[in-house]
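Enquirer: Spelled out from the first residue to the last, the chains are:
Number of protein chains: 2
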Amino acid sequence: MQTRTQIAELGKVNFIEKLTSPFAIEADDAAILDNNRVIASDMLLEGVDFDLQYTPLEHLGYKAVTAAASNILAMNAMPKEITISLGLSARFSVEESEALYKGVHYALDQYGIRLIGGNTSASMSGLVIATTCIGTGDNIVRRSGAKTTDLLCITGNLGAAYMGMQLLEREKRAVGKSGIMPQLEGYNYLLRRQLQPTAPISVVKNLATEGVVPTAMIDITNGLASAMLSLCQSSQCGARIYLERIPIASEVFKLAQELQIDPVVAALNGGDDFELLFTVPLEHHKEILTMAGVDVIGHVVAVDEGAAMVTPDGSEIRLQSPDFVNQM
Amino acid sequence: MQTRTQIAELGKVNFIEKLTSPFAIEADDAAILDNNRVIASDMLLEGVDFDLQYTPLEHLGYKAVTAAASNILAMNAMPKEITISLGLSARFSVEESEALYKGVHYALDQYGIRLIGGNTSASMSGLVIATTCIGTGDNIVRRSGAKTTDLLCITGNLGAAYMGMQLLEREKRAVGKSGIMPQLEGYNYLLRRQLQPTAPISVVKNLATEGVVPTAMIDITNGLASAMLSLCQSSQCGARIYLERIPIASEVFKLAQELQIDPVVAALNGGDDFELLFTVPLEHHKEILTMAGVDVIGHVVAVDEGAAMVTPDGSEIRLQSPDFVNQM
Chain A
1 MQTRTQIAEL GKVNFIEKLT SPFAIEADDA AILDNNRVIA SDMLLEGVDF DLQYTPLEHL
61 GYKAVTAAAS NILAMNAMPK EITISLGLSA RFSVEESEAL YKGVHYALDQ YGIRLIGGNT
121 SASMSGLVIA TTCIGTGDNI VRRSGAKTTD LLCITGNLGA AYMGMQLLER EKRAVGKSGI
181 MPQLEGYNYL LRRQLQPTAP ISVVKNLATE GVVPTAMIDI TNGLASAMLS LCQSSQCGAR
241 IYLERIPIAS EVFKLAQELQ IDPVVAALNG GDDFELLFTV PLEHHKEILT MAGVDVIGHV
301 VAVDEGAAMV TPDGSEIRLQ SPDFVNQM
Chain B
1 MQTRTQIAEL GKVNFIEKLT SPFAIEADDA AILDNNRVIA SDMLLEGVDF DLQYTPLEHL
61 GYKAVTAAAS NILAMNAMPK EITISLGLSA RFSVEESEAL YKGVHYALDQ YGIRLIGGNT
121 SASMSGLVIA TTCIGTGDNI VRRSGAKTTD LLCITGNLGA AYMGMQLLER EKRAVGKSGI
181 MPQLEGYNYL LRRQLQPTAP ISVVKNLATE GVVPTAMIDI TNGLASAMLS LCQSSQCGAR
241 IYLERIPIAS EVFKLAQELQ IDPVVAALNG GDDFELLFTV PLEHHKEILT MAGVDVIGHV
301 VAVDEGAAMV TPDGSEIRLQ SPDFVNQM
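Protein sequence lines, in the order shown, are assigned to chains A and B.
Everything in the first sequence is counted per the UniProt record's numbering, starting at 1 for the first residue and increasing by one.
Everything in the second sequence is counted per the UniProt record's numbering, starting at 1 for the first residue and increasing by one.
Bound conformation, chain A alone:
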């Protein structure tokens, strides 16, 4: 009988490495097409990346473009063109498809991205949205350039998208049981971060304006811990993140208490925050401190010191992410 190794046994990161190793693909959010142009493909699948029960189609279209743009921004480049391929099931109506495209259109306008092509197919099962985004930048930044003493910076705040999903999942269960309309009041920010997240395009613009070229950059879509570990692996460095420096929105704390979830875990492992983690040389300290939407959360250390979070009492917790645990 033929050997059948389940993908879960191998762990997703190892699995992708095994598949792509013959092709020598660099581990970055986008591929470098030429000196100043990058390209990234992404795919959103119904039932895995989104749930149509609580995801308005306009928001989904918007989010698909945000996810695509995020991959380009994470290379310190500006998204310029996009192709969008859709797999639509027969039960999809023209009006629903239009709603999806309305969200796409809105995001394209907002980010200044031009739709240049794509493909629409029938899907026998769920909705599939595949994007390829192309961007340009004078200073493309990879994951691999972080140096000891560099500052660790992040854009925006973390954990809100994850908590938004917890809220939607809870309300979905409640509605399923009772038929009562969902109670989502007081958590508008969390819902917006989950359903219509924006990519930090202004930060990449500001970095260029201020003449700050990060040494390494990665997007935070699987949580801060996973992004930090990937960056450390690519750059062969360690990191110290200071717990009290991680920006977490007040609604995250509020809902976390209600649901008895640790808000720091939401920030570290929650995912779906389309924010950026990047490193800059110490000499840019001043420009970074005054830059809107950016926080310094720690610094880069030598590889043998590992990646850890420092709590206010000075103790260190080694960073772990579900993805990386699987690899062992």
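What the hints contain is simulated information worked out from the structure, not anything from laboratory work.
Misleading hints may appear alongside valid ones.
Taking CB as the label site, the calculated pair distances span [to be verified]:
| # | chain 1 | residue 1 | chain 2 | residue 2 | range |
| --- | --- | --- | --- | --- | --- |
| 1 | A | LEU282 | B | LYS102 | 41 to 49 Å |
| 2 | B | VAL48 | A | ASN36 | 32 to 40 Å |
| 3 | B | GLU258 | A | VAL175 | 53 to 61 Å |
| 4 | B | LYS102 | A | ALA27 | 16 to 24 Å |
Far from chain B, some chain A residues (derived; all Cβ distances over 12 Å) [as the list claims (entries may be wrong)]:
| # | residue |
| --- | --- |
| 5 | THR83 |
| 6 | LEU88 |
| 7 | GLY118 |
| 8 | THR148 |
| 9 | GLN166 |
| 10 | SER202 |
| 11 | ILE248 |
| 12 | ASP262 |
| 13 | GLU283 |
| 14 | GLY306 |
| 15 | VAL310 |
All of these numbers come straight from a predicted model, not from anything done at the bench.
A virtual CB, placed ideally from N, CA and C, is assigned to each residue, including glycine.
Fit chain B to the known structure of chain A by using the hints.
Expert: Chain B alone, transformed into the frame defined by chain A:
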């Protein structure tokens, strides 16, 4: 209640036009990224574009790359880079994924394409393969440049992939009923054309070598009739195709007789032939006649003469394709 228009009511071509019209996308096989660079995205969905019951995964990987390359060749450009995103269901084993990638790898080597990125996701339903291919060419050719008296040329031969699928479908039904192994002998060519089609990369190379720049070009993936009608629409021209000039492989005739299918219908509307239809000015008659893998099947006429096939007795049959019938 909200209006729900089924996509089928509108017809696929109209539907895509309706969705994408606000974005002003040109109807070509690929989008023009800059003067000499084109980009095309494609998606293959399980149950729609392939059936894993009779599609070996190595062949499927190969075919996905062929389909991607075909879009680039149809712009008179050479495919150079590709991104491949996979949606894999949990029941997929690592070995199966490796088989898929082995086929991808083989095609990439053969076509000289570099894999530069992609994305692997879990899929709740079927296998999804999304590709984006980038190509370069000194003389990008669109669908819209055909002129009256131009020669109509095609690469390869038509109908074989469609007949290969008919054969596989027949054997699938037979195996389902009786459990007997499929009888596929004598039809190796048809099976290869369906399962492992190649894209006519050598023709695009030869055109460049001979200094022949087509006036219009399109790939033949939905059958010759559909391709011809699209080209006529984009170029605002008519066409005369001579029935006896359409190259059809002998195995197509053989199986068509067995299954009582009209082989000309297979060639005109069958689809899945990754061949090219293109037009060249009359003065290139000589270069085209001596070019391997190319046949002249007719010529371009004025738009008011319409697109028709001329039978050996001189009567004309108006070209129709299922896609275009839907539009009325």
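Enquirer: Among all the numbered hints in the text so far, which are the ones the structure does not match?
Expert: 5, 6 and 7
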